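Each protein sequence line maps, in turn, to chains A and B. Anchor point for the first sequence: position 310 equals 329 in this note's numbering, and the numbering is continuous, going up by one each time. Anchor point for the second sequence: position 9 equals 1196 in this note's numbering, and the numbering is continuous, going up by one each time.
None of these hints come from the bench; they were simulated from the model. Treat the hints loosely; a few may be bogus.
With beta-carbon atoms standing in for the labels, derived distance ranges [stated by the list, open to error]: (1) A:Pro347 - B:Gly1521: 53 to 61 Å; (2) A:Arg139 - B:Gln1217: 24 to 32 Å; (3) A:Pro316 - B:Glu1330: 40 to 48 Å.
Partial pick of chain A residues on the chain B-facing surface, computed with a CB cut under 7 Å [as the list claims (entries may be wrong)]: (4) Val221; (5) Val226; (6) Ala287; (7) Val294; (8) Phe299.
Note that the structure is predicted; figures quoted are calculated from it, not measured. Yeah, the Cβ is synthetic: ideal placement off N, Cα and C, and Gly gets one too.
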Amino acid sequence: MSDNLSSGSTILRLQNVKKYFPVKRDLLQQLMRVGEQQYVHAVDDVSFEIEQGKVFGLVGESGSGKSTTGRLAVGLLEPTEGEVIFEDIHLNKLSGEELRKMRRYMQVIFQDPMASMNPRMTLGEGVGHGLKIHHLVNNQHEFRHRVSEILDKVGLTPGDAYFDRYPHQISGGQRQRAVIARALVMQPKLILADEPIAMADVSVKAVLLDLMVQLQREFGLTYLFITHDLATAKYICDRIAIMYLGEIIEVGDIKTVYTNPKHPYTEALLAAVPVPDPRFRRPAPMPRGEIPNAINPPSGCRFHPRCPIAQDICKTEHPRLLPVPDQPGHVAACHFRTGDYIHLDPGPLINTNVAVPK
Amino acid sequence: MSLFQIVPDRSQVNKQEIILSIRDLSVEYQTRRGVLSAIDTLSLDLYKGEVLGLVGESGSGKSTLGKAIMRMIPQPGRITKGQLIFKNQDLMQYDEKQMRDVRGKQISMIFQDPMTSLNPVQRIDNHIIEAIRVHEPSVTKDEALSRSESLMERLGIGRRRLNEYPHQLSGGMRQRVMIGLALALKANIIIADEATTSLDVIVEAQFLDLLRELKDEFGLTILLVTHNIGIVAELADRVAVMYAGRLAEVSSVDELFHNPKHPYTQGLLRSVPNIAMDSQDLYRMDGTPPNLVMPPSGCRFHPRCPHVMDICHQKQPWLVRVDEIGEGDEQVGGYDKHLASCWLHQEYQGSTQARRY
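Construct the complete structure from the given sequences, taking the supplied hints into account.
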């Protein structure tokens, strides 16, 4: 994939990135020095690029490698192979010190705000910590002003009053606002948001999601938005990549992928999402089984043991991510939908033309 | 979006037979900061054969209610008043030995994390055999084994997997084992407390399909405790919405989603991203759920309510009927009735005659 996919300016590019984690051998194997060293293929040959000012979604089930990919993308993990290029800078060629300096441009928001905040720092000190580390403020007065301003922006108003409070004194939703503020105060170019609203209460989720959309528009931010929730992804993302067992199996504009999914896994994933309306019924059947082990991923297409349209070819030949005919910017990795065997396509997995409310 | 199909007729509910009636139940926790009122004078009926969705946010008391039904409220909490009428008997009058016979055998519970409910050093088949023989001592080991084998086969867990330990099974399989335990004992009521929350979306869908089939096959009554209104829409016949320890609204699933009466329900429904909608303006609900050590006065939702009136600060609204009441229609609650507790709707009945459910 790559070059033909985007038109605007690319802020981040991953090229054939792999991340293998060694599996710890048991004590006996270590003592005897036997047994082959095994690896978890957490991320396997992943490439994509993110356009400046857009929200790029990375979606998959647990164990699909989406969080690992996110960490690789902002240089929190070093790839086993491949290149991560942020604004023409190859992250893996930087020294530790150089990478540290880059970090202010790439901020992260994780799932659990309590785990992301230092309980002994006031909100103001915690949120603005990066400003001091990167020497971006000259004195305490300027520091307090900058931080209070950003607290106001995320809805912790008045920011000056929240500055002196501690994380345990505010609600979970407010803590997540503070984490968002901490990312924003650095004036980053890219924000990695890894399940940023997953822990919030139902009634608070919408507020946080909406805040993230507003801030993105106001500051022209670029998000790498990781989520397992396809309804949330639909709400916030411009483009989306679907991951399965360490690989990206489909990429496209959100609307295209959701209305015209090409990979059978994407189809199943979309169909499995419960619709908050009793007049809709999810189409059956669902693929069999669960996501397999990433130590010994299945041969050929990794989805083949669960795929309803799999044939012999899928067990042996690994499908490449190829353009979907007549749909610019949309790629998928399925022999029957994009590859050399497109003439054998048995048709959509789920009949998409019946349907609709009663 | 067109990926979805029309809902066929729902379930075989017996609209006359109430299997479990919760009356004026209150649960309190003694905390260092004072008494936390987790459930406040709550009444709710469970009809035989129905799936009742119990929806609420964390801290709304939905899980506490599930545990209270089993009389398993952990210290320092306790049921301070109320009745739990199950098969014409008040479970609150039962002693611990009688309760043990109810738990698991008649009312079963499935939790979010099946790993914590299964014994890690016991094989799957032994779990089921033991459960059967504890409650039915006359059953031999071989009989229990063959019963569990055919049951697990039905749940899609092959004979070979029965020899394995819980950690060797996937999350979805473990959850099916939990269902199997309930079915092996022929439980009447299954309380599923966030049972699909830890499952991935495809496995969750498989599990919901299985529950739907089993419900009719085994005549189960299910109390589906969840924060996910999508799951409720998919599986429930009726819905009860909890807010801050009280019921905000109770109605059929279709009424609740298409004609919600309580401002909290209305806000909740509009604040959830819907994958079936092409574009959506999410509703942003003010504030956060209250601290139940010092709950707001009057209606507990009033600090967040867009329609708040003076009376909402002062008096607690009763749970009353909000649907059209026909000539001669009795005023009491029932399977088909739509109830809500909101001052906006109290005028449906003369306030002196309003019946509190």
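Would you pick out the hints that fail for this structure and give their numbers low to high?
none
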